[in-house]
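Top to bottom, those sequences are chains A and B.
The opening position of the first sequence corresponds to residue 1 in the UniProt record's numbering, with each subsequent residue numbered one higher.
The opening position of the second sequence corresponds to residue 1 in the UniProt record's numbering, with each subsequent residue numbered one higher.
Hints in this document: simulated from the structure, not taken from any laboratory.
Source: prediction; values computed, not measured.
Do not rely on the hints blindly, as some may be mistaken.
Identical copies go unnamed one by one, so any copy, or any two together, can satisfy a pair.
Stated by the list, open to error - Only pairs whose alpha carbons sit at most 20 Å apart, straight line, appear in this in silico EDC-like list of lysine to aspartate or glutamate: (1) Lys259 with Asp248; (2) Lys4 with Asp64; (3) Lys212 with Asp281; (4) Lys77 with Glu107; (5) Lys212 with Glu170; (6) Lys259 with Glu107; (7) Lys4 with Glu165; (8) Lys161 with Asp55; (9) Lys4 with Asp55; (10) Lys77 with Asp55; (11) Lys4 with Asp175; (12) Lys259 with Asp241; (13) Lys259 with Glu170; (14) Lys259 with Asp55; (15) Lys212 with Glu178; (16) Lys212 with Asp175; (17) Lys77 with Asp248; (18) Lys212 with Glu282; (19) Lys212 with Asp141; (20) Lys212 with Asp228; (21) Lys212 with Glu165.
Number of protein chains: 2
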Amino acid sequence: MINKLTIIGLGLMGGSLAKALKAQGAVVEVVGTGRRTESLDRGLQLGVIDSYTLDMAEAVAGADVVVIATPTLIAEKVMAELAPLMTPNMVVTDVASVKGNIQRAAEQIFGQVPPNFVLGHPIAGSEQSGVEASAVDLFLDHRVILTPLANTSDSALSLIKAMWEACGAEVVCMDVAEHDAVLAATSHLPHVLAYTLVDALAQNGAAADIFKFAAGGFRDFTRIASSDPTMWHDIALANRDAILQGIDAFSSHLDLVRKAIADGDGDTIFASFDRAKHARDEHFLGQYLTREKKPPSS
Amino acid sequence: MINKLTIIGLGLMGGSLAKALKAQGAVVEVVGTGRRTESLDRGLQLGVIDSYTLDMAEAVAGADVVVIATPTLIAEKVMAELAPLMTPNMVVTDVASVKGNIQRAAEQIFGQVPPNFVLGHPIAGSEQSGVEASAVDLFLDHRVILTPLANTSDSALSLIKAMWEACGAEVVCMDVAEHDAVLAATSHLPHVLAYTLVDALAQNGAAADIFKFAAGGFRDFTRIASSDPTMWHDIALANRDAILQGIDAFSSHLDLVRKAIADGDGDTIFASFDRAKHARDEHFLGQYLTREKKPPSS
Numbered sequence: 001m002i003n004k005l006t007i008i009g010l011g012l013m014g015g016s017l018a019k020a021l022k023a024q025g026a027v028v029e030v031v032g033t034g035r036r037t038e039s040l041d042r043g044l045q046l047g048v049i050d051s052y053t054l055d056m057a058e059a060v061a062g063a064d065v066v067v068i069a070t071p072t073l074i075a076e077k078v079m080a081e082l083a084p085l086m087t088p089n090m091v092v093t094d095v096a097s098v099k100g101n102i103q104r105a106a107e108q109i110f111g112q113v114p115p116n117f118v119l120g121h122p123i124a125g126s127e128q129s130g131v132e133a134s135a136v137d138l139f140l141d142h143r144v145i146l147t148p149l150a151n152t153s154d155s156a157l158s159l160i161k162a163m164w165e166a167c168g169a170e171v172v173c174m175d176v177a178e179h180d181a182v183l184a185a186t187s188h189l190p191h192v193l194a195y196t197l198v199d200a201l202a203q204n205g206a207a208a209d210i211f212k213f214a215a216g217g218f219r220d221f222t223r224i225a226s227s228d229p230t231m232w233h234d235i236a237l238a239n240r241d242a243i244l245q246g247i248d249a250f251s252s253h254l255d256l257v258r259k260a261i262a263d264g265d266g267d268t269i270f271a272s273f274d275r276a277k278h279a280r281d282e283h284f285l286g287q288y289l290t291r292e293k294k295p296p297s298s
Numbered sequence: 001m002i003n004k005l006t007i008i009g010l011g012l013m014g015g016s017l018a019k020a021l022k023a024q025g026a027v028v029e030v031v032g033t034g035r036r037t038e039s040l041d042r043g044l045q046l047g048v049i050d051s052y053t054l055d056m057a058e059a060v061a062g063a064d065v066v067v068i069a070t071p072t073l074i075a076e077k078v079m080a081e082l083a084p085l086m087t088p089n090m091v092v093t094d095v096a097s098v099k100g101n102i103q104r105a106a107e108q109i110f111g112q113v114p115p116n117f118v119l120g121h122p123i124a125g126s127e128q129s130g131v132e133a134s135a136v137d138l139f140l141d142h143r144v145i146l147t148p149l150a151n152t153s154d155s156a157l158s159l160i161k162a163m164w165e166a167c168g169a170e171v172v173c174m175d176v177a178e179h180d181a182v183l184a185a186t187s188h189l190p191h192v193l194a195y196t197l198v199d200a201l202a203q204n205g206a207a208a209d210i211f212k213f214a215a216g217g218f219r220d221f222t223r224i225a226s227s228d229p230t231m232w233h234d235i236a237l238a239n240r241d242a243i244l245q246g247i248d249a250f251s252s253h254l255d256l257v258r259k260a261i262a263d264g265d266g267d268t269i270f271a272s273f274d275r276a277k278h279a280r281d282e283h284f285l286g287q288y289l290t291r292e293k294k295p296p297s298s
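Chain A extracted, bound-state conformation (with noise of 0.2 Å):
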């Protein structure tokens, strides 16, 4: 049970903790905090918060624990602000994309990260963003990631975990590189390649007749691409190493691709294809199937 509770930066993530805490019976009081009154405004309408205050050093008085919920860049501003207000009975988490430049900031800030603040990502979202977009199961059979350093508190850890799990997340902890490393992989460069998919063809001449005419397998592999820009410029700058290797990698391999197209070399292009289709079967719709080794209709 969390007495207090403060958000700094109301948006989906935190409002949709706040809400899941709450319908729980896991928390007796959510405070928010932010720069700006609009979406604390709203979050107080939608009964998300139960009051809100701009003043930070108010926000997280008496606090159990204090939740940085904003883009990822504001967080590293953020933990410049919150470091004087910090005492040892609070337990301070994020919820940022990305976990080595809040690592990194953190340091910078405080030496070392300390003890009673734990690192964590939950890996849940929408393309939609804002506290009205916030929803009491966003995190239920959702993975959170921890990523605890060797100085990191048991106790802050432990009261972290059972705040995720009270919103029905499994809790996963694992290294900040390796986190960012298969984030990466499987969240920001997707993201990306979506964007970049979607900007290039909105600058063809017959954009409209292009989107116009694409069907369902478009719209799903562009969803993405309607995700808030502002947080991805973030993420893309946090992790920026990370992803760099991502695109790298995909670069290399779509060289690969588009020379066995052009050389009309069909072994090699069912074979890639092949490889994705069963890859993807086996883990997502747990099909563990038997490649067959058909040659192409060619």
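Got chain A; can you put chain B on it based on the hints?
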């Protein structure tokens, strides 16, 4: 009303067409044919077709409409077999995703594309395939593109248009080259990118972890990588030039985004992501939003 409809190559497309026409009472008899009995047997059991024969001459004798519904590259071979069996009273159409190669193949076989051969492409599909996946509503509220040529018979075009409209589809006519360029951009290129990303990740040493932590965005983004690799191998070869142009345009854009990330050029990253979000939201959500010119949060 079609008296006898013959489907060459019974799978998702041909099966769904037969189901829809039967449900509308728009066909009396559906005959299947192909090279193997498996899918024809299943189609017969499911009531999708009324009879089948492996003898193409028998299958098409007296048919009002013959639909070539095989994979793209097989369609080229089927035309050669069908050529001596065509009669002036028979209208032939196809459902292949690329039209330029079908046109070229028909010109080689017939000298010119016969007036009673209407090239067509229903913009509908699924990552599932096979006659057992066929659905009565696969074409409902979907577009079907027909690419008639200068010598295409008006009555043949009208019959094929009416056939698709009976399935609830909206029929649009366009030029062969325009069709292939639009489909390369909205369908073929996205499939190549999705296959390439999944294949690249599957070959990563940490593939199991990568897929394990993939969330809904990745699942949607890669859904089309579960499509039939034989079909997409055919399309990649059949629409080679337009797909290569699409890959090159995409790669140039990705190079720019990569450079912006490497340089920490937040303005360029934000501008690209923001243009993409607005283009997609405008086209798919009908949200003709005023673009916010807000700077990124950094």
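A quick look at each hint next to the structure:
no.	hint	verdict
1	Lys259 with Asp248	both (16 Å within a copy, 11 Å between copies)
2	Lys4 with Asp64	within (5 Å within a copy, 75 Å between copies)
3	Lys212 with Asp281	between (30 Å within a copy, 13 Å between copies)
4	Lys77 with Glu107	within (13 Å within a copy, 67 Å between copies)
5	Lys212 with Glu170	between (40 Å within a copy, 12 Å between copies)
6	Lys259 with Glu107	neither (46 Å within a copy, 28 Å between copies)
7	Lys4 with Glu165	within (18 Å within a copy, 61 Å between copies)
8	Lys161 with Asp55	neither (28 Å within a copy, 66 Å between copies)
9	Lys4 with Asp55	within (16 Å within a copy, 77 Å between copies)
10	Lys77 with Asp55	within (15 Å within a copy, 74 Å between copies)
11	Lys4 with Asp175	neither (29 Å within a copy, 65 Å between copies)
12	Lys259 with Asp241	between (27 Å within a copy, 12 Å between copies)
13	Lys259 with Glu170	neither (43 Å within a copy, 37 Å between copies)
14	Lys259 with Asp55	neither (58 Å within a copy, 39 Å between copies)
15	Lys212 with Glu178	between (41 Å within a copy, 13 Å between copies)
16	Lys212 with Asp175	between (44 Å within a copy, 16 Å between copies)
17	Lys77 with Asp248	neither (31 Å within a copy, 39 Å between copies)
18	Lys212 with Glu282	between (33 Å within a copy, 11 Å between copies)
19	Lys212 with Asp141	between (36 Å within a copy, 13 Å between copies)
20	Lys212 with Asp228	neither (23 Å within a copy, 24 Å between copies)
21	Lys212 with Glu165	between (43 Å within a copy, 19 Å between copies)
Hints 6, 8, 11, 13, 14, 17, 20, counting from the list given before, are not met by this structure.
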